[in-house]
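Which chain is which? The protein sequence lines are U and Y, in order. For the first sequence, the numbering used here gives the first residue as 1, with consecutive numbering after it. For the second sequence, the numbering used here gives the first residue as 1, with consecutive numbering after it.
Derived from the structure by calculation, the hints contain no laboratory data. Misleading hints may appear alongside valid ones.
Chain copies aren't distinguished; within one or between two, either way the pair holds.
[Said to hold, decoys possible] Calculated cross-link-like contacts (lysine-lysine; reagent style BS3-like; alpha-carbon spacing at most 25 Å):
hint : residue 1 : residue 2
1    : 368       : 188
2    : 171       : 329
3    : 286       : 171
4    : 180       : 303
5    : 286       : 30
6    : 3         : 156
7    : 264       : 171
8    : 303       : 171
9    : 156       : 187
10   : 93        : 3
11   : 303       : 13
12   : 188       : 264
13   : 368       : 3
14   : 156       : 171
15   : 286       : 199
16   : 180       : 158
17   : 188       : 156
18   : 368       : 158
Protein chains: 2
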Amino acid sequence: MIKIKRPTLLLDKQKCLSNIAFMVNKAREKNLVLRPHFKSHQSHTIGSWYRNAGTEKITVSSMVMANFFATDGWDDIAVAFPFNIHEIEEANKLASSITLHLTVCSPETASFIANNITSPVNIYIKIDTGYHRTGLYPENTQVIDAILDVVNSSDKLKFTGFLVHSGETSKVRSREDVEKIHVDSLKKLSELRRRYENKWPGMIISTGDTPTAVLMEDFTGIDEIRPGKFVFFDLTQHYVGACSISGISIVMACPVVAKHPERKEIVIYGGAIHFSKDELILPDGKRVYGQVTELTDNGWSDKPVKGAYLCDLSQEHGIIRGSDEFFEKTVPGMILGIIPARACLSVNLMQGPVTTDNEKIDHFSTVKTQYGA
Amino acid sequence: MIKIKRPTLLLDKQKCLSNIAFMVNKAREKNLVLRPHFKSHQSHTIGSWYRNAGTEKITVSSMVMANFFATDGWDDIAVAFPFNIHEIEEANKLASSITLHLTVCSPETASFIANNITSPVNIYIKIDTGYHRTGLYPENTQVIDAILDVVNSSDKLKFTGFLVHSGETSKVRSREDVEKIHVDSLKKLSELRRRYENKWPGMIISTGDTPTAVLMEDFTGIDEIRPGKFVFFDLTQHYVGACSISGISIVMACPVVAKHPERKEIVIYGGAIHFSKDELILPDGKRVYGQVTELTDNGWSDKPVKGAYLCDLSQEHGIIRGSDEFFEKTVPGMILGIIPARACLSVNLMQGPVTTDNEKIDHFSTVKTQYGA
């Protein structure tokens with residue numbers, strides 16, 4: 001095991017490769033195109049692991065991130081975020097060299113692209129089947145038709161299909177809840193397909209979330225999946241039921257710096273600038289940022305410490321509460337493993353993980369100023 | 001005004017300089033040493049603005065950050081975070097070249113330092129007068145005495161004094177609430193002083209938070225203040241009463257990318273990786289991440305848009321809700337200003353702001369791998 005001095009985000013490369021292999025196989029088995037979301041890892045290195053597993057198409061969440069991966073040789077990239085018209089110059093540059101897919105949810109934005117794009121570009125229409133973050137309701141066919149009219153009358157725009165992200169599956173607590181969301185979403189999407197596929201042969205339906213991709217078996221009417229979080233998983237995905245603890249490929253290692261018997265609290269060097277303040281609400285209502293697990297010679301234990309949670313964060317401080325036994329044996333200088341509530345934001349803040357074999361994994365955040373971000 | 005394409009953290013340099021001047025003058029007037037907390041900005045450039053205003057002593061929150069500022073010529077640095085024994089090598093290196101102050105809250109950590117430090121180093125004892133994050137209760141004189149015994153018997157350690165951070169002042173809603181906390185803290189600290197000053201002449205009492213430093217007038221028994229947040233201020237500090245809206249020196253500028261009439265929601269390009277998920281709870285119970293304000297030719301309006309708040313965040317998406325009038329006139333492509341709930345975490349995520357005159361401000365996060373973090 002590498003020597004830990006400061007908060008360090010550890011990656012178990014074998015677990016990460018297994019997670020990638022699982023999803024590649026599942027997509028193949030279900031006859032789905034896998035277009036994994038690369039915002040979860042934002043790394044050329046981890047991207048190469050996908051490439052070795054046969055992945056050719058990817059999803060990103062911003063134009064600058066698309067550019068980051070295009071420079072690494074990815075040539076079929078979907079930006080699954082409502083197109084920001086101020087980045088038309090960047091879109092033109094990318095569309096001239098790769099197969100670029102943009103996402104829209106208004107005729108105005110579609111028209112702007114049609115009027116300003118200089119190379120062929122592909123258009124996803126963002127559909128909202130229940131997450132209510134962004135996208136058009138599937139019954140809002142008037143606006144969908146208006147967007148398709150714009151696409152139809154442009155010689156540069158091509159309709160890829162409908163894109164949905166059921167992010168609400170990351171907030172539930174069981175396979176049954178995920179299935180309910182999935183079945184409802186499938187129904188709405190199949191109606192959309194029925195309505196549009198005659199006029200738009202070859203259009204696809206693309207769905208996005210990790211719990212659905214992992215837990216569901218029936219993908220009737222779906223052509224493409226875009227999960228991303230499964231590459232690491234985390235405590236939140238575990239509580240949804242999308243992974244076992246042993247499937248989680250990252251853990252934060254943090255030094256204990258103080259203990260306070262009056263409140264039975266352990267203070268670690270590891271705070272909001274390492275974990276992010278995105279909390280998980282446990283079944284009993286407790287708000288946590290992670291769960292403690294013991295580090296081992298070559299990684300960490302798959303049996304987390306019962307009841308020991310990261311309960312509060314300020315900039316560099318983390319507060320851990322646990323059992324009497326845990327409190328007694330934990331002393332300043334010990335290094336605790338913490339399974340994070342939300343992997344992706346931690347990976348972003350930590351500027352990428354380091355493998356348990358001490359290989360630093362590259363991350364977009366260390367170079368993004370080069371991409372104008 | 002600079003052209004905004006993507007989420008951009010704007011700094012009004014004049015407001016920032018005024019905030020620094022205000023605090024420098026206040027400390028001088030009250031006969032207090034100002035040792036500002038540099039974790040708020042983590043910038044050599046902004047550090048130089050303090051230096052020009054006469055600041056000589058600074059506070060940081062980690063050993064790597066101490067090193068970052070030492071390389072820029074700062075030679076009296078306090079690390080206001082419980083010492084992490086795994087960084088003794090770094091402490092030795094710094095202590096050999098600058099006046100270094102470490103913070104401890106246990107005899108074990110003090111002994112570790114005494115046994116392993118190779119150059120003279122100064123020790124603050126961390127006291128908890130009510131924030132309950134870390135530190136010793138002032139009545140816990142047995143442990144305080146044990147730490148002082150360690151200091152006393154070491155020829156390398158020197159007792160600087162007691163260090164407290166009343167972080168709970170950032171959670172209240174009025175000057176009166178801040179005063180209550182401050183008066184209670186002063187009382188506890190004066191008892192500590194009475195108990196220890198005969199044996200430790202020259203020991204100081206150091207307090208830390210922005211609301212106290214800004215709003216209070218009576219600092220009897222306090223020698224040093226270490227506020228940091230006042231350099232930017234933010235919506236949270238405004239709701240405490242520590243600043244007017246016009247005193248806030250940073251605003252995030254974000255493009256609108258979608259609007260959804262069904263839910264009267266505006267979607268911006270600007271999410272958890274730009275703002276952080278640290279929320280502010282408004283007096284009416286609403287949880288928000290920021291408030292909308294209009295951008296102007298040379299900055300932004302000091303009159304934020306009434307009722308228009310950043311209400312939800314995912315990785316790149318932000319959701320804004322506001323009045324009917326605000327919703328009607330806001331369209332994709334517009335750039336909205338957002339006064340952030342928490343400035344310091346946004347500054348960290350954005351890797352420093354850019355001034356309204358288009359000067360990019362340096363930030364530790366872009367170089368921290370050079371410092372081993």
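Hints versus structure:
When the C-alpha separation of residue 368 and residue 188 is checked against a cutoff of 25 Å, the pair qualifies neither within a copy, at 38 Å, nor between copies, at 48 Å. In this homomeric assembly, residue 171 and residue 329 never come within 25 Å of each other (Cα to Cα): the closest approach is 34 Å inside a single copy and 33 Å across copies. Taking identical chains as interchangeable, the C-alpha atoms of residue 286 and residue 171 lie at most 25 Å apart whether they share a chain (15 Å) or sit on different chains (20 Å). Taking the shortest alpha-carbon separations for residue 180 and residue 303, neither the intra-copy value of 30 Å nor the inter-copy value of 45 Å comes in at or below 25 Å.
Proximity of residue 286 to residue 30 under the C-alpha cut-off of 25 Å is found in neither arrangement, the shortest distances being 38 Å within a copy and 44 Å between copies. Taking the shortest alpha-carbon separations for residue 3 and residue 156, neither the intra-copy value of 54 Å nor the inter-copy value of 28 Å comes in at or below 25 Å. Taking the closest pair of Cα atoms, residue 264 and residue 171 come within 25 Å of each other only across two copies (23 Å); inside a single copy the shortest separation is 30 Å, beyond that limit. In the homo-oligomer, the alpha carbons of residue 303 and residue 171 lie at most 25 Å apart inside one protomer (23 Å), although the nearest pairing across protomers, at 36 Å, exceeds that limit.
Neither within a single protomer nor between protomers do residue 156 and residue 187 lie at most 25 Å apart by alpha-carbon distance, with minima of 31 Å and 73 Å respectively. Only between protomers do residue 93 and residue 3 lie at most 25 Å apart by alpha-carbon distance; the minimum there is 19 Å, versus 44 Å within a single protomer. In this homomeric assembly, residue 303 and residue 13 come within 25 Å of each other (Cα to Cα) only inside a single copy, at 19 Å, whereas the closest approach across copies is 51 Å. In the homo-oligomer, the alpha carbons of residue 188 and residue 264 lie at most 25 Å apart only across protomers (22 Å), although the nearest pairing inside one protomer, at 51 Å, exceeds that limit.
In the homo-oligomer, the alpha carbons of residue 368 and residue 3 lie at most 25 Å apart only across protomers (18 Å), although the nearest pairing inside one protomer, at 29 Å, exceeds that limit. Taking the shortest Cα distances, residue 156 and residue 171 never come within 25 Å of each other, neither inside one copy (39 Å) nor across copies (54 Å). Taking CA atoms no more than 25 Å apart as the test, residue 286 paired with residue 199 passes in neither setting, with 51 Å inside one copy and 46 Å between copies. Taking the shortest Cα distances, residue 180 and residue 158 never come within 25 Å of each other, neither inside one copy (33 Å) nor across copies (65 Å).
For a Cα distance limit of 25 Å, the shortest separation of residue 188 from residue 156 qualifies neither inside one copy, at 29 Å, nor across copies, at 72 Å. Taking the shortest alpha-carbon separations for residue 368 and residue 158, neither the intra-copy value of 30 Å nor the inter-copy value of 44 Å comes in at or below 25 Å.
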